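Visitor: Position in the sequence shown (from 1) plus 147 gives the number in this note's numbering.
Don't read these hints as lab results, they were simulated from the structure.
Predicted, not measured: the structure shown is a model, and the values here were computed from it.
Please note that a few of the clues may not be correct.
To be verified - Derived pair list, reagent style DSSO-like, types lysine-lysine, alpha-carbon separation capped at 30 Å:
hint : residue 1 : residue 2
1    : LYS333    : LYS423
2    : LYS371    : LYS359
3    : LYS183    : LYS401
4    : LYS193    : LYS460
5    : LYS333    : LYS293
6    : LYS422    : LYS408
7    : LYS401    : LYS259
8    : LYS204    : LYS183
9    : LYS461    : LYS291
10   : LYS259    : LYS293
11   : LYS408    : LYS289
12   : LYS226    : LYS257
13   : LYS373    : LYS402
14   : LYS404    : LYS183
15   : LYS404    : LYS420
16   : LYS418    : LYS460
17   : LYS257    : LYS291
18   : LYS464    : LYS420
Said to hold, decoys possible - Here are the simulated distance ranges between beta carbons:
hint : residue 1 : residue 2 : range
19   : TYR258    : ASP485    : 18 to 28 Å
20   : THR288    : LYS359    : 21 to 31 Å
21   : GLU488    : LYS423    : 19 to 29 Å
Beta carbons are placed, not taken as given, at the ideal position from N, Cα and C, and that holds for glycine.
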Amino acid sequence: MNLRFKAYRVFLFFIIVCFHQLVVGQDSLVTVTAKKGDGIYSLLRKQGVNPYKYFDKFVALNQTNLRDSVHLYAGRIYKIPPVVKNDAITEVVVENKSTAVVSHEIFGEKYKDTKIQSERLKGNIYYLISGHGGPDPGTVTKYKNKLLAEDEYAYDVTLRLAKELISHSATVYMIVRDENDGIRNKRLLTVDHDELVYPKKKIPLNQMKRLKQRTEVVNALYQKHKGAYRRLIVTHVDSRSKGENIDVFFYHHKKSKNGQKLAERIHQVFKRKYKKYQPNRAYNGTFSERNLYLVNYTLPPMAYIEIGNLQNKKDQKRILYPVNRQALAEWIAQGVLDDYEN
148 MNLRFKAYRV FLFFIIVCFH QLVVGQDSLV TVTAKKGDGI YSLLRKQGVN PYKYFDKFVA
208 LNQTNLRDSV HLYAGRIYKI PPVVKNDAIT EVVVENKSTA VVSHEIFGEK YKDTKIQSER
268 LKGNIYYLIS GHGGPDPGTV TKYKNKLLAE DEYAYDVTLR LAKELISHSA TVYMIVRDEN
328 DGIRNKRLLT VDHDELVYPK KKIPLNQMKR LKQRTEVVNA LYQKHKGAYR RLIVTHVDSR
388 SKGENIDVFF YHHKKSKNGQ KLAERIHQVF KRKYKKYQPN RAYNGTFSER NLYLVNYTLP
448 PMAYIEIGNL QNKKDQKRIL YPVNRQALAE WIAQGVLDDY EN
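All chains, please: the whole structure from these sequences, using the hints.
Guide: Set out below in structure tokens:
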């Protein structure tokens, strides 16, 4: 009996010690209060924790305190998983007033450096597709005996949009890429056919193969960044009769609430901007469902944007002038910010 009693006491002591260590271990975890605009990735980065290695552990620790299993509630306290030695990241948190600069050759020599304005989109992933490219220039027309191609102008707007998003610390994938064009401050953009699809895939001539290629690339990247906040934006220049002047309009997948919200937020920005800068005319751009291949088969919530009619003289001014292409990019970026922060 004495031996059994002693063994029982030792076993009980072992259980109490283990339980105490478990409780102390949980109580000693670092905690942090989520702020408006924080996501799991950005919250972990701010604590010096690698979000890609510790995302699942964070979710497991905080699963009862998350919306839809992956979204934070502003103002709530979250536990940060303990970091294994050598796993901590050394990234410096960029403050809003920082003069930090990142460099990307794809923007061209003159515009390769981007000043970081804020962390408002830090941790977010954006996939950007400009229409056509490679062997397919899209709509082609003449302006003062010079050739205009849809893909060149859609690409320039998309590059400018990428730069705007990066300035707010977003991670951006340019799906259609031209390594030697960069942002061009010209009215007449030279037509070429050397665009590739990320990372360096040759663009097929066949339209269906082209669309499938882009869809597969985006969907693979979407899966790679599982758990992150991910959005897709597709930019096109429309082609209609020469007499039809159109406003910028937006499409989304009919069953995607997040895609609809993204399209609607950008649409609202354009309505406000037109009211401010063109108060004497109504803005007739819309956002709606649309049965398009990229809309139907890509995985991220998305907005498909038509920025004007290349054939129409009035719309050409919106597209040809660099200052207007920059405004388009800035307005779309503002809609993206509004979508995420609201």
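Visitor: With reference to the structure, classify each hint as holding or not holding.
Guide: Evaluation of the provided hints:
1. Between LYS333 and LYS423 the CA atoms are separated by roughly 26 Å; this keeps the pair inside 30 Å, and the hint holds.
2. Distance hint between LYS371 and LYS359 is fulfilled; the C-alpha atoms sit about 18 Å from each other, no more than 30 Å.
3. A distance of roughly 29 Å separates the Cα atoms of LYS183 and LYS401; the hinted pair therefore holds under the 30 Å criterion.
4. Simply put, LYS193 and LYS460 have alpha-carbon atoms about 49 Å apart, too far for the 30 Å limit, and the pair is violated.
5. For the proposed pair LYS333 and LYS293, the alpha carbon gap of about 13 Å is at most 30 Å, so the pair holds.
6. The straight-line distance between the Cα atoms of LYS422 and LYS408 is roughly 21 Å, inside the 30 Å bound, and the hint therefore holds.
7. For the proposed pair LYS401 and LYS259, the alpha carbon gap of about 37 Å is over 30 Å, so the pair is violated.
8. Of the pairs offered as hints, the one joining LYS204 and LYS183 holds, with about 22 Å between alpha carbons and a cut-off of 30 Å not exceeded.
9. Restraint check for LYS461 and LYS291: the C-alpha separation of about 14 Å stays at or below 30 Å, so the hint holds.
10. Restraint check for LYS259 and LYS293: satisfied, since their Cα atoms lie roughly 28 Å apart, inside the 30 Å limit.
11. Distance restraint check for LYS408 and LYS289: the Cα-Cα separation of roughly 37 Å exceeds the 30 Å cut-off, and the hinted pair is therefore not satisfied.
12. Between LYS226 and LYS257 the CA atoms are separated by roughly 44 Å; this puts the pair beyond 30 Å, and the hint is violated.
13. In summary, the hint linking LYS373 to LYS402 is supported, as the alpha carbons are separated by about 20 Å, within the 30 Å threshold.
14. Among the hinted pairs, LYS404 with LYS183 is consistent with the structure: their alpha-carbon atoms are about 21 Å apart, no more than 30 Å.
15. At roughly 24 Å between alpha-carbon atoms, LYS404 and LYS420 fall within 30 Å of each other, so this suggested pair holds.
16. Restraint check for LYS418 and LYS460: the C-alpha separation of about 22 Å stays at or below 30 Å, so the hint holds.
17. Restraint check for LYS257 and LYS291: satisfied, since their Cα atoms lie roughly 28 Å apart, inside the 30 Å limit.
18. As the CA atoms of LYS464 and LYS420 are separated by approximately 17 Å, the hinted pair is consistent with the 30 Å bound.
19. Taking 18 to 28 Å as the suggested C-beta distance range, the pair TYR258 and ASP485 conforms, at roughly 25 Å.
20. A beta carbon spacing of about 28 Å between THR288 and LYS359 agrees with the range 21 to 31 Å that was offered as a hint.
21. A hinted range of 19 to 29 Å for the beta carbons of GLU488 and LYS423 is consistent with their spacing of about 21 Å.
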